[in-house]
Amino acid sequence: MDEEGRLKIALRRYAAIAGLVDAEIPPGGQAAVLRELAAEHGRHPDTLWRWARRFRQGGLDGLKPPLHRADAGTLKALAPAILSEAVRLREEEPRRSTATLIALLERLHPDWRGKISRPTLDRHLRRLGKTRRRLAHPTRPLRRFAKAARNDLWVADFCLPQLCFQQGTEQHRAILLAIIDHKTRFLPASAFIPTRQAVFVEDLLRRAIAHCGLPRGFHVDNGAELVGSLVTGGCTHLGIRHIRAAVGEPESRGVVERFFRSVQDSFVPEMAAKAMIPTLEELNRYWEAWVEFYHGRPHAGLEGKSPRQAWDEDPAPLRHLDPVTVDGAFLIREQRKVNKTALVTWEGRAYLCSDALVGERIEIRFHPARQETVQIWKDGRFLQVAPLYLPPENVPHQPKAPAGPTPRESLLDLLERDRQQALVGQLARLPPAGLPAPGPHFTEAMAAAIIEHALGRNLEGRELQWLAESWQHSGGWQADITDRAVTAYRNRFGPGRHLAYYLEFIADAHLKARQGEGPARV
607 MDEEGRLKIA
617 LRRYAAIAGL
627 VDAEIPPGGQ
637 AAVLRELAAE
647 HGRHPDTLWR
657 WARRFRQGGL
667 DGLKPPLHRA
677 DAGTLKALAP
687 AILSEAVRLR
697 EEEPRRSTAT
707 LIALLERLHP
717 DWRGKISRPT
727 LDRHLRRLGK
737 TRRRLAHPTR
747 PLRRFAKAAR
757 NDLWVADFCL
767 PQLCFQQGTE
777 QHRAILLAII
787 DHKTRFLPAS
797 AFIPTRQAVF
807 VEDLLRRAIA
817 HCGLPRGFHV
827 DNGAELVGSL
837 VTGGCTHLGI
847 RHIRAAVGEP
857 ESRGVVERFF
867 RSVQDSFVPE
877 MAAKAMIPTL
887 EELNRYWEAW
897 VEFYHGRPHA
907 GLEGKSPRQA
917 WDEDPAPLRH
927 LDPVTVDGAF
937 LIREQRKVNK
947 TALVTWEGRA
957 YLCSDALVGE
967 RIEIRFHPAR
977 QETVQIWKDG
987 RFLQVAPLYL
997 PPENVPHQPK
1007 APAGPTPRES
1017 LLDLLERDRQ
1027 QALVGQLARL
1037 PPAGLPAPGP
1047 HFTEAMAAAI
1057 IEHALGRNLE
1067 GRELQWLAES
1077 WQHSGGWQAD
1087 ITDRAVTAYR
1097 NRFGPGRHLA
1107 YYLEFIADAH
1117 LKARQGEGPA
1127 RV
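Counting from 607, one number per residue, gives the positions in the sequence shown under this note's numbering.
Keep in mind the hints are simulated off the structure, nothing from the lab. For every residue, glycine included, the Cβ atom is placed at its ideal position computed from N, Cα and C. Accuracy of the hints is not assured; some may be wrong.
[Claimed, not checked] 20 angstroms max Cα-Cα, derived EDC-like pairs, lysine to aspartate or glutamate:
#1 911 / 898
#2 946 / 961
#3 943 / 1114
#4 1118 / 933
[What the hints assert, rightly or not] Ranges between beta-carbon positions, derived for each pair:
#5 995 / 1062: 53 to 63 angstroms
#6 729 / 842: 44 to 54 angstroms
#7 843 / 864: 27 to 37 angstroms
#8 842 / 907: 27 to 37 angstroms
Generate the whole structure from the sequences, applying the supplied hints.
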């Protein structure tokens, strides 16, 4: 700084303390004057008092800043050869500390012993950019980028604000999970969750897809919850590119990190001002209200537009899928073999399959949070829904009777055959009224009507429940297969059989039909 610049600074400082050094101040009044001058000029009272003392001692020269040395930053206390050797050793192995460098230099050059100051060497290495951090992570040019349209890229991450929620008598740290659209800064979905688990990530991603359609890319950090098989498998089956951030490159997630800074600056102070510990439901209710405020506020990165306005004005079409397809994508898939008791096991739990699948190698599809049932697939075809099997307790052992000679003919068989022939003739003369026509919108009520017509009576409450459970475990029925199965069983055994036999025969018919049809749509 030249002399003219130093004089200008001294004059500004004198103007700030003129009321303290020129005026006659009564004893005990200096403190009040100092406070007034500090408030007027935006300075600390101690700073003004120090300037006044310098002015009384040296006049206007005492208020001038000190002269900068012309040789500032050059080597004086350290020989150039020492610094060059230290730079060479640091570049060979960037993880070497300054203490290690000094020990190496003193052993390689005994005459340098005691001549190397650690703070001095640290300062010059920092000036030359030879710090351990910079050498381990060399700087590279960073450029801003923006996607061309909405839903081109979603970025997701966790945030740990200074917030807690109440659960019973305990308090827990709140965790924010947010998914943000890179182009419009719009939030397809976000929520506070109790723990960092993959099921919460999957649930939030499904909600985002249902609300805003399918994204083309999903960019996440390397946390286990974001890169596990539940999330990556769902993205793969939905055609979403799952992108993992490179280790040590947080800049790639700058969009969501900048949003989290807005959360820390705006939402967190307002929650702290409420002076309450909310429940998780209350915290999410306040959060949803703040998100609406954020969506309507002008954004500096959107040329003054709000995220809601940028999202609505984007002409890119949204790609929506039906909820069944989306739910089916987020299932874990495992290969299993049905054992001789028609059971498949997974993590200590057994699931009951159809007897026709004994010995078959099948694929089970399940959700970690829903363990009551699993889906049974084979060669890309859905077969059935297998329920959780609970073995019966305290079942007495029944000794097996010795096998005897089997008669070739029985009176009951002959009577049953005659009765079946008579029933076939009677049914041929009945009008087909009352039966539902096979069609694509087959319902449980239509299936119940077919069975009631075959039994000749209405189904009762408990029987309707059995029918609903069989319908669910089979993954739904088809009208034509159900009608043929009921007719075949009635012609063979008559209508007097228990409803459970009819339901089992219908389920087996659907299973056999699915095993013979082409690949089903996932």
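Against the structure, the hints come out as follows:
1. 911 / 898: holds (15 angstroms)
2. 946 / 961: Holds, because 9 angstroms separates the two Cα atoms, which is no more than 20 angstroms.
3. 943 / 1114: holds (19 angstroms)
4. 1118 / 933: violated (26 angstroms)
5. 995 / 1062: 53 to 63 angstroms: Violated: the Cβ-Cβ distance is about 34 angstroms, outside 53 to 63 angstroms.
6. 729 / 842: 44 to 54 angstroms: At 52 angstroms between Cβs, range holds.
7. 843 / 864: 27 to 37 angstroms: Because 31 angstroms falls inside the window, the suggested range holds.
8. 842 / 907: 27 to 37 angstroms: holds (31 angstroms)
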